[in-house]
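S.K.: Work out the full structure, taking the sequences as your base and the hints as a guide.
Chains as they are written, first to last, in numbering that gives the first Met the number 0: chain A, 0 to 174; chain B, 0 to 215.
Derived by calculation from the structure, the hints in this document are not laboratory data.
Do not take every clue at face value.
Unchecked claim - Calculated pairs, BS3-like style, for lysine-lysine (alpha carbon to alpha carbon, straight line, at most 27 Å):
#1 B:171 with A:81
#2 B:150 with A:150
#3 A:136 with A:32
#4 B:148 with A:149
#5 A:45 with B:214
#6 A:82 with B:112
#7 A:88 with B:197
#8 A:147 with B:199
#9 B:112 with A:88
#10 B:190 with B:214
#11 B:203 with A:45
#12 A:81 with B:214
#13 A:154 with A:174
#14 A:129 with B:101
#15 B:171 with A:136
#16 B:150 with A:154
#17 A:136 with B:190
#18 B:214 with A:150
#19 B:197 with A:82
#20 B:101 with A:45
#21 A:147 with B:190
#22 A:26 with A:136
#23 B:190 with A:169
#24 B:199 with A:154
#25 A:81 with B:197
#26 B:214 with A:136
#27 A:45 with B:197
#28 B:112 with A:118
Said to hold, decoys possible - To spell it out: a stretch of chain A is covered by chain B in this simulated footprint if at least three of its residues, at any positions, have a beta carbon under 8 Å from a beta carbon of chain B; those stretches are:
#29 39-50
#30 159-172
A virtual CB, placed ideally from N, CA and C, is assigned to each residue, including glycine.
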Amino acid sequence: MLKYFQDLFKNFKRKRNNTSVNLLPEKIDVDEKIARSIFSPINVTKSNTLRTNAFKSPANIDEVSVNRLDYTNANFLKKLSKKISIPPKRNYFGFAILFKSEILDCGADVVYSPIIKPKEDANIYHSDIKVGYIREKGVELPAEISYKIKKLVEKSRLYIDPEPNNDLWKGEDLK
Amino acid sequence: MMNNIEILNKDLSIEEVRELSNLVNSETSISVKGHNNKMLSALFIGASLLSSSQSIRANDINFIDVKTENCLKITKEYDKNVNVPFEKYINEISFTANIVTKHEIIRDILAFKSLNQSWDGYNAIPLEIDSATNAIQLIDLVGEEEFCKIKDFYPNPNGTISLEWSNNLNEKISVEVGNNSYSYFVEFASKEVQFFNKQKFNSKDAQILSRFIQKL
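M.R.: Okay, structure coming up:
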């Protein structure tokens, strides 16, 4: 109940503060491409396959940060991803791409959650994948939720950046 | 000229395995005894894969462990190049030869503890000490031999640790270890996925998991 009012207040505050930023349509179409930034070595195995921790939320929230690729481009997302890289422990690696329909097929959802403040961190393409379960610190996921996330990972398409040090995306088209 | 290779049953580094490939040529008779010995299977795979451009003309290939005198004998009735049939064999047994030692597992789990706050760029917390200890405890509860067939293990953003076993049929067991209990799902081909939650760190619960790993 408290969470419901907190979310309601958050949405109200967001709409009130949004006076000059052009946001995207609230509704995410089922055929929209959603991009998750992937980092190595932590999100990928030695054979460069995706691990499920790439799509797991931190503690106390049910939010996996992603971006609406159809409204932006790989270069922008790469710039954003490299901003939060900390080599050598967390190296920008590439992107995992899913359609919203694929996310829904796995029993999860994706909601639009633009970041407006602070201005230097603004990202109007930001959204969150939600699996319907809030993780607690130090508590394992129910096996059914783990399986749901495994399905998400299997459906996603991993695009490894062939030139991570280049400012521009030089890999395949993200589809 | 026939060369005889004796592969001793000891831990070999990848560099040492690479050197074996230099000894293999079309005249080489390989003698390694190691029936169902995972290490020797891996050496066979290592030498074969690294020397995949070599052709082995032989009717019998014996793998003999000179220390234990275990023997793995492979008999092929071919008088032609046997690379192609062996490739399939190598692919089939390569999954069983995934060798990770208990020492390596513990070392890597402890290394995860050094991850900082927000190690994933999205506010992940470091591996919880209780989750790490429980994962290590699970090695002995499940049984080291089964546990060390593990395919992958990694930390999660909320401080738990995931452990995964799988085979070449894409069957999978995925465990997530927390501070007080663990959960897992078992996915075998043509069977419904099974889910187990709030498992305790005791022999009874661990033996069920161990039996599933054996079936993989």
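S.K.: Work down the list of hints and note, for each, if the structure agrees.
M.R.: Taking the hints in turn, this is what the structure says about them:
1. B:171 with A:81: violated (33 Å)
2. B:150 with A:150: holds (18 Å)
3. A:136 with A:32: violated (30 Å)
4. B:148 with A:149: holds (20 Å)
5. A:45 with B:214: At roughly 25 Å apart (the allowed maximum being 27 Å), residue 214 of chain B and residue 45 of chain A satisfy the hint.
6. A:82 with B:112: holds (24 Å)
7. A:88 with B:197: violated (32 Å)
8. A:147 with B:199: holds (23 Å)
9. B:112 with A:88: holds (13 Å)
10. B:190 with B:214: holds (13 Å)
11. B:203 with A:45: The given pair, whose Cα atoms are some 33 Å apart, is violated under the 27 Å limit.
12. A:81 with B:214: Given pair residue 81 of chain A, residue 214 of chain B is violated - Cα atoms ~43 Å apart, limit 27 Å.
13. A:154 with A:174: Roughly 12 Å separates the two Cα atoms, so the pair holds.
14. A:129 with B:101: Violated, because 36 Å separates the two Cα atoms, which is more than 27 Å.
15. B:171 with A:136: holds (25 Å)
16. B:150 with A:154: Satisfied, since the Cα-Cα distance of roughly 20 Å is no more than 27 Å.
17. A:136 with B:190: violated (32 Å)
18. B:214 with A:150: holds (22 Å)
19. B:197 with A:82: violated (38 Å)
20. B:101 with A:45: Given pair residue 101 of chain B, residue 45 of chain A holds - Cα atoms ~19 Å apart, limit 27 Å.
21. A:147 with B:190: Roughly 17 Å separates the two Cα atoms, so the pair holds.
22. A:26 with A:136: It is violated: about 31 Å lies between the C-alpha atoms, which goes past 27 Å.
23. B:190 with A:169: Between residue 190 of chain B and residue 169 of chain A the Cα gap is close to 42 Å, so the pair fails against 27 Å, i.e. violated.
24. B:199 with A:154: violated (32 Å)
25. A:81 with B:197: violated (38 Å)
26. B:214 with A:136: violated (32 Å)
27. A:45 with B:197: violated (30 Å)
28. B:112 with A:118: violated (34 Å)
29. 39-50: n = 4 at 8 Å, threshold three: holds.
30. 159-172: violated (count 0)
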